[in-house]
Structure formats: C-alpha cells, structure tokens
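Colleague: Chain Z: place on chain G using the hints.
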Amino acid sequence: MTKHDEARRAFLVGAAVGAGAVAGATLVPNALAQTQEAPRTTGTVPPPAHSHAGGPGLGAFFNSEDAATVAAFTERLMPGAPGKPGARDADVLNYIDLALAGAYADLQYFYRRGLASLDAYCRKTYREPFRRLSAGQQDEVITALEQGKASEFSWPSAVAFFNTVRTHTMEGMFADPIYGGNKEFAGWRLIGFPGAQVEFTAADMQSSGPFTRLPIVGLKAKAS
Amino acid sequence: MATEKTDVVIVGVGAAGGILAAELGKAGMKVIGLERGPRLTTQDYEPHDELRYFQRQDLRPNIKRQPVTWRPNANTRANPLPLQNYGNQVGGGTVHYGAVSWRFHEDDFRARSHTIARYGASAIPEHSSLADWPLSYADLERYYDQAEYELGISGKAGNLQGKKIDGGNVFEAPRRRDYPLPPLRLDQGAILFDAATRKLGYHPFSTPRAILSEAYQDRPACTYCGFCQAFGCHVGAKSSILVTKLPEADATGNFKLITGAMCHRVNSDNSGRVTGVGYYGPDGSDNTIEAELVILTTFIYDNTRLLLLSKTDKFPNGLANSSGQVGKHLMAHMMPNVYSMFDDRHVNNYMGPSAQKHTIDDFNADNFDHSGVGFIVGSQISVGTGNLQGGPISHTTTASPPGTPRWGTAYRDYLAKSFTRQVAMVAQTENLPYSDQMIDLDPDVKDAWGLPAPRLTYDWRRPNELARVEFMMKKMEEIGRTMGAAQVWRAPLGPGAPGAHHEGGTRMGSDPKTSVVNRYGQSWDVPNLFIIGSSTFPSMSGFNPTLTIQALAYMSADAIVNRYRKSPGSLL
Chain G
1 MTKHDEARRA FLVGAAVGAG AVAGATLVPN ALAQTQEAPR TTGTVPPPAH
51 SHAGGPGLGA FFNSEDAATV AAFTERLMPG APGKPGARDA DVLNYIDLAL
101 AGAYADLQYF YRRGLASLDA YCRKTYREPF RRLSAGQQDE VITALEQGKA
151 SEFSWPSAVA FFNTVRTHTM EGMFADPIYG GNKEFAGWRL IGFPGAQVEF
201 TAADMQSSGP FTRLPIVGLK AKAS
Chain Z
1 MATEKTDVVI VGVGAAGGIL AAELGKAGMK VIGLERGPRL TTQDYEPHDE
51 LRYFQRQDLR PNIKRQPVTW RPNANTRANP LPLQNYGNQV GGGTVHYGAV
101 SWRFHEDDFR ARSHTIARYG ASAIPEHSSL ADWPLSYADL ERYYDQAEYE
151 LGISGKAGNL QGKKIDGGNV FEAPRRRDYP LPPLRLDQGA ILFDAATRKL
201 GYHPFSTPRA ILSEAYQDRP ACTYCGFCQA FGCHVGAKSS ILVTKLPEAD
251 ATGNFKLITG AMCHRVNSDN SGRVTGVGYY GPDGSDNTIE AELVILTTFI
301 YDNTRLLLLS KTDKFPNGLA NSSGQVGKHL MAHMMPNVYS MFDDRHVNNY
351 MGPSAQKHTI DDFNADNFDH SGVGFIVGSQ ISVGTGNLQG GPISHTTTAS
401 PPGTPRWGTA YRDYLAKSFT RQVAMVAQTE NLPYSDQMID LDPDVKDAWG
451 LPAPRLTYDW RRPNELARVE FMMKKMEEIG RTMGAAQVWR APLGPGAPGA
501 HHEGGTRMGS DPKTSVVNRY GQSWDVPNLF IIGSSTFPSM SGFNPTLTIQ
551 ALAYMSADAI VNRYRKSPGS LL
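Line by line, the protein sequences are chains G and Z.
Number 224 marks the last residue of the first sequence (the numbering used here); no jumps.
Number 572 marks the last residue of the second sequence (the numbering used here); no jumps.
In isolation and in its complexed conformation, chain G is listed as follows:
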C-alpha cells in the first residue's frame, strides 16, 4: 500500500469513525475488529481514481462533512455488528466517493442537492445535521425519506435520494473490491458468496450444505 493510499484510507476511516462515534459507537469497534482478523491481502484497496495534493482530509469527491454524513447514512442502511460486517467495514463510503468522481460523475449534483436537503430536514426537525443525530434519530429520518414524508426536498425527491443511496450502498457492499468497497470481501463474507470462482464441480452442486472452499476470488485479490 502506498503512502498516498494510507492517507486516503485514514481520511475515509476517520470520517466513518467520526460519524460512528455518535451513530453506532457500540457496534463499530467490534465490527472493525471482526474484519481486521481477516488475513491481509494486497490489492484489495485500489489506487484512487484521481490524484490530489491535499493529503488527509480530502476524498476524491466528498468534502469531510458530506463524507461523515454518507458514512453514517450508509451504516444505518447496512449496520455492522460482531461477525456481521456492515457498510463501514466494507468501506462503502470509499466506493461511493470514487464512483462519484468517475463512473457516476453525472450524479454529483444529485448528491450535493440531496445531502443539502437531508441536512436541512434534519436541522428543521432535530436542530442538528444528520451526522450528529443518534442512530435511532437517523433511522427515523431514513424512514421519512423512504416514505416520501421528509420536507425540504425538491430535486432530488426524498424517495429518489433514498433509493439511490440504497442502491449505491448495496453496490459498495457487494461489488468487486476493485471498485473501492467490499473491503477484504466484507460483503461477500456476510452473505456467503465465494466470489468469482472459475468453476463449480458436480459435487459442489450436489451439496445442500454451505460452500466453504477457499479462497474467495476477486478480480485482483484472493482471500482465505
């Protein structure tokens, strides 16, 4: 891992933990410890899509406050727990940050507006931005978005914003780690997906038990 990668990770993990300190403090250390037990592999964290000179404190797209908001939001959508990796463990924030700087660049304005509306709604309802609310309050807010009951949204609508963040959270959990999420196969471990196996045998397909043969295979990484 290059120094730059470490700095970038430090930023994103810092943002995630910062949010988690309020949003899910009791869950985070256990969940992180769980994935840190997994063997380290090289290549699971891809190089950033864009170079920048700012060092720690800057992602490829989000500013630090938006990063904390997205980290908190996605963790509520896919909460981590001991033995059950969540969005923070999978580095879903990193996935979305890189996607918005690249493949989903046409959604940058969608996210900026959506995040602004989200904080406006939270300030109006709870007098605090989303990232500073308790986990229970955050769940109330997300429920209001999902049901289209949150005020302060125009474009994107609350429902559209919820659906998009949910979709991107699932992508960050379960897409190949080369895209910056699913860190150390956290998402695939959660659900028991062995990844891009080249072949399944007749015996594999005859079994009604769990498939446990290792390694898990990704595009650039393998892990046992």
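Derived from the structure by calculation, the hints contain no laboratory data.
Being a predicted model, the structure only gives us computed values, none of them experimental.
All C-beta atoms, glycine included, are put in the ideal place defined by N, C-alpha and C.
Just to be clear, a hint being listed does not mean it is correct.
Just so you have them, the derived chain Z footprint on chain G, three or more residues with Cβ under 8 Å [claimed, not checked]: (1) 67 to 75; (2) 121 to 129.
Quick partial rundown of chain Z residues pointing at chain G, CB under 7 Å, derived from the structure [as the list claims (entries may be wrong)]: (3) Asp187; (4) Pro220; (5) Thr223; (6) Ser285; (7) Thr288; (8) Met341; (9) Arg345; (10) Ile393; (11) Ser400; (12) Thr409; (13) Arg412; (14) Tyr414; (15) Leu415; (16) Ala416; (17) Phe419.
Just the calculated beta-carbon pair ranges, DEER-fashion [said to hold, decoys possible]: (18) G:Asp106 to Z:Leu572: 33 to 39 Å; (19) G:Arg123 to Z:Asp283: 48 to 54 Å; (20) Z:Pro402 to G:Glu65: 20 to 26 Å; (21) G:Asp106 to Z:Arg461: 40 to 46 Å; (22) Z:Asp283 to G:Thr167: 33 to 39 Å; (23) G:Ser157 to Z:Pro38: 34 to 40 Å; (24) G:Ala202 to Z:Thr397: 29 to 35 Å; (25) Z:Asp313 to G:Thr167: 29 to 35 Å; (26) Z:Pro220 to G:Gln206: 37 to 43 Å; (27) G:Arg127 to Z:Thr41: 55 to 61 Å; (28) G:Thr212 to Z:Arg39: 36 to 42 Å.
Modeller: Okay, now just chain Z, sitting in the frame of chain G:
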C-alpha cells in the same frame, strides 16, 4: 464519406445476422455486416464483474446514447426506459443472454385458428390482433435441427418422432433426433423444483440451452461458474454467435464486418427497389454501401425505426409500409417472480447457468384445458435466480419477504441468511398482440446521432394478461410450498412497461394488406429487402424467442441462396 459496393448488406450482426452472414458467404455472396457496437473476444469476458455487466449493463445499449422511450398509452408522454435488454456488440443478445433455446410448439404457429377451434372466437379478446403464422412447425423443423446442431444446444428430447420421453419436455413438438448434447448438470434449485413438480403431477425437465454440457466443435464444456446471463462466457461454452457463426463467416473470405457503424437509412430508388444503406462511422462520417440485397437483422426497435426513417416520396409512410402495419403488434413477456426461502438447507443458487434452469411446460400454450380460466395461451414456469442472475448485487434488487424492510439490521440479516438459501421461480407469460401496442418515432427524444428514439406505446395490464399472470403466480406459490420452503412470496408486479424479449413491429403474414413481410422475412413492397428477427413474429409463444429467430434465419438463408438468387427481385 466512403462508398462501397457489395452483393448483400446485413444490418445488425446478432442472432439472425450472424447466421445469414455465414450462410450467404459460404454460398459465394459478398457480404458486408454493419454492427453498431464493438467485436469482443472470449478473453474480454474473463473479468467476472457483476457491477460492470449486470448492474451497469456493459454489454447492453447505453441508455443515454441510445435511448428508447415508453408510454403506457397514446395520451401520455413517453419517458426513456431505465434498462434495455438487447445486445450492443457483434453477436448481439446472444453474447449476454441466458441461452435458453426452445422450439415453439406446433400450436404456437396457429394460435388463432387453434383457439377458435377449441374455445370459440369469443375466447380471443376483442382488441387482440392474434394471428396465425404463415408457416407451420413442420416447415421449420429441419431448420430448428440445423440450428441445434450447428450452434450446440444441450437438452433432452421429450418427443422423438412422436414418441414421448420422460425427463424431456413431453409437450414439445416432435423432433427428428435428440439434442446434440446431454442436459446441463443439476443444481440444488433444480433438484427441489423437480421433486416438487413431480409430486404435483407436472413434468419437469432441464431447460434446453445453448451452453455446452460437453466439449463440442473445439469449444470446452461449461464450468458452471454462474456468471452467465448478463455476462459473456469466459471459456466460450455459451454458443453465442460470436464463437459459432462469426468464425464461419470469417472463414468464407466473403464477409466484411464493419463495427461502430450506426445505420441510419435504407436507400431506395424510384423503381421501388432498395439500393443499399447509409451509416455513420465512429468518427461521425456519413457513409454509403450499395448492395443488391439489404437484410435488416437488428433488434425489433431498429427494424421498425429504420423503415420509418427511410421514407421517400415513393414510400411516404416509411419503407415497406404500404400495409400501415410497420411498428404495430409489439409484444413482450412478463416475468412475474415468486421467491422461496429455506431454513434448513442451502441452495447456493449462484452456481451454474443462471437463467431459467429447470422448467415445466404443463401450463404453456394450450397444453392444459383453458375452460373457465379467463385467458388463452400460457407460460413456461422455471426455477432459477431473481433477475436471471445469481450474484449478490442482483439479490439486493429483488423483493424481500413481506414484513422485512429494505434496509437496516433486519435487512442485513435477511441478506446474510437468504443469499445461499433462496431460489426464484419465473413465469414467462405469453402476451397477446394488440395493434395499439406499437413502436414509432419519438417526436422529442433523440439519440446520440440525432435520430429520433424508438418510442414504445405499451401496457400489458389487460384482462387476459392479468388473469394469466395471477394464474401462474398461484402455480408458482404452490410449487414453492411443495418444495418445503419456509417462506414463499411474490415479487410485486412492475408498471405496464414491456418485460423481457420483444416481438413484433414488422409482422409476417400471407396477405400483403395485413402484414409487412412474408414467411422468409421478405418485404411485400420491396422484394430485395429482407427483415429477419423476432420483429416478424405474429405471436410470441411462452418460450424465449432466440432459437426460433435462428431457425427463421437458416430458412431465409436457404431460400435466398437456392431460390432468390436465381431470380433476384422476385417475391419468394
């Protein structure tokens, strides 16, 4: 701005175009194939990447560059569809499809007359334009056989020259010989489905697929990796046009492929003949091909769009459209899903070819008595994966059970449990044709070349169609419970937009007043223009269309080589 001359130009080198390129080239005709997308190789499909190929649809048309719009009826404004299910490269949809390869039933070719004979004319909905085909199963049988053996299809016969065989599809039409390859391997979902449907008195079998169960024609057998529908095959075991007919076409020395070529017009002269086509190159250049014979083999949208874009003073309603039928009778399969989750066993549904794995045909076509059910024709019912693709991102897009939210702790725990313990069933319901379900040119939305987008006007939610879906949902729930699933639930139905597989737009028939082409896909109005593909289907059957498209392509190639060539410009 290039001009080339050739005998034949084929627009769209997919399921049908690839076959015609090889067969006409072998007969010594000089063929140019135009393809909008790139030509990729088996090695290009080595990355098993669900985000790229399933979620971001890398093998399908870019919906921003190549929009297709949809509206439920003529009184509403059309909006671009968020997803398109055809191909966008050499090989077309056969590169990413699930490779399900059916012969239609004998009754599928005479759905109108058969329905009237058995149930009376009133059984056909008043507004339906259901019509018989201008050919019979017997006319097509030898070409089905040719396609199965040349391409490489795996399955088990259920009706060998009239003899019914248990373990195959006993409802299939008689075939001259068995499949060239034995059925693909069983997986857990298929084992459960087979046991349950047999218990219920139905007749399950391994779905015939264009996937090699054993090595064949220098290609290796399937590895059951599971990255199948939505993906290209990384070993070339999927019998796509890319690895079957394209190498044949290349070997003739008579075939030239032009990729990155967006055909925008079929040119015609005042005598009423077509003279070739115009296409935009990847550099934006506008080029011309002069040809004696023009064959359109694009997906149904572009077969219609090209005819409408090619209007002249002589053809003011669009080329080949004196009947006024171009664009009409759009059909698509609805794909209602039922999910079944188990507490006490794994299914590991991500293994093996991911589309409709095992099937019952008991409720398709007129294979059962429709008296009192409120609809005609039917559906295949198959077990497989949600979205026909078994990866984890796909799983998160399917409906969770009633009472389980779509996010949060309960959803996380549902995913952790269900991913390896859940199967999907899908009913591929045959929808009837209606003349007001159609394709035309969008007056507002343009594609990246400035051409009007194809606009679909379509709403499947008609009484016959709704009754058929409800009937099949109940059957799937019954099978799910019989499998012993702890939970069985329906996916919610979508809006009225067309589902999978599209048919219609350039209907074939035996009367030039009510159809666009004859049984060979030859235009009634312009005899040196052929249109071949599912756009010519007068009805759709409950089966996937590709093998029938391919059998028709073989039949047309035979007719062009052995008959049309002797008197070019005459109607076959």
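Colleague: For each hint, tell me whether it holds in the structure or not.
Modeller: Results of checking the hints against the structure:
no.: 1; hint: 67 to 75; in the structure: violated (count 0)
no.: 2; hint: 121 to 129; in the structure: violated (count 0)
no.: 3; hint: Asp187; in the structure: 5 Å, holds
no.: 4; hint: Pro220; in the structure: 11 Å, violated
no.: 5; hint: Thr223; in the structure: 4 Å, holds
no.: 6; hint: Ser285; in the structure: 28 Å, violated
no.: 7; hint: Thr288; in the structure: 35 Å, violated
no.: 8; hint: Met341; in the structure: 13 Å, violated
no.: 9; hint: Arg345; in the structure: 4 Å, holds
no.: 10; hint: Ile393; in the structure: 5 Å, holds
no.: 11; hint: Ser400; in the structure: 12 Å, violated
no.: 12; hint: Thr409; in the structure: 5 Å, holds
no.: 13; hint: Arg412; in the structure: 6 Å, holds
no.: 14; hint: Tyr414; in the structure: 10 Å, violated
no.: 15; hint: Leu415; in the structure: 5 Å, holds
no.: 16; hint: Ala416; in the structure: 5 Å, holds
no.: 17; hint: Phe419; in the structure: 4 Å, holds
no.: 18; hint: G:Asp106 to Z:Leu572: 33 to 39 Å; in the structure: 49 Å, violated
no.: 19; hint: G:Arg123 to Z:Asp283: 48 to 54 Å; in the structure: 52 Å, holds
no.: 20; hint: Z:Pro402 to G:Glu65: 20 to 26 Å; in the structure: 38 Å, violated
no.: 21; hint: G:Asp106 to Z:Arg461: 40 to 46 Å; in the structure: 32 Å, violated
no.: 22; hint: Z:Asp283 to G:Thr167: 33 to 39 Å; in the structure: 36 Å, holds
no.: 23; hint: G:Ser157 to Z:Pro38: 34 to 40 Å; in the structure: 37 Å, holds
no.: 24; hint: G:Ala202 to Z:Thr397: 29 to 35 Å; in the structure: 30 Å, holds
no.: 25; hint: Z:Asp313 to G:Thr167: 29 to 35 Å; in the structure: 50 Å, violated
no.: 26; hint: Z:Pro220 to G:Gln206: 37 to 43 Å; in the structure: 22 Å, violated
no.: 27; hint: G:Arg127 to Z:Thr41: 55 to 61 Å; in the structure: 59 Å, holds
no.: 28; hint: G:Thr212 to Z:Arg39: 36 to 42 Å; in the structure: 40 Å, holds
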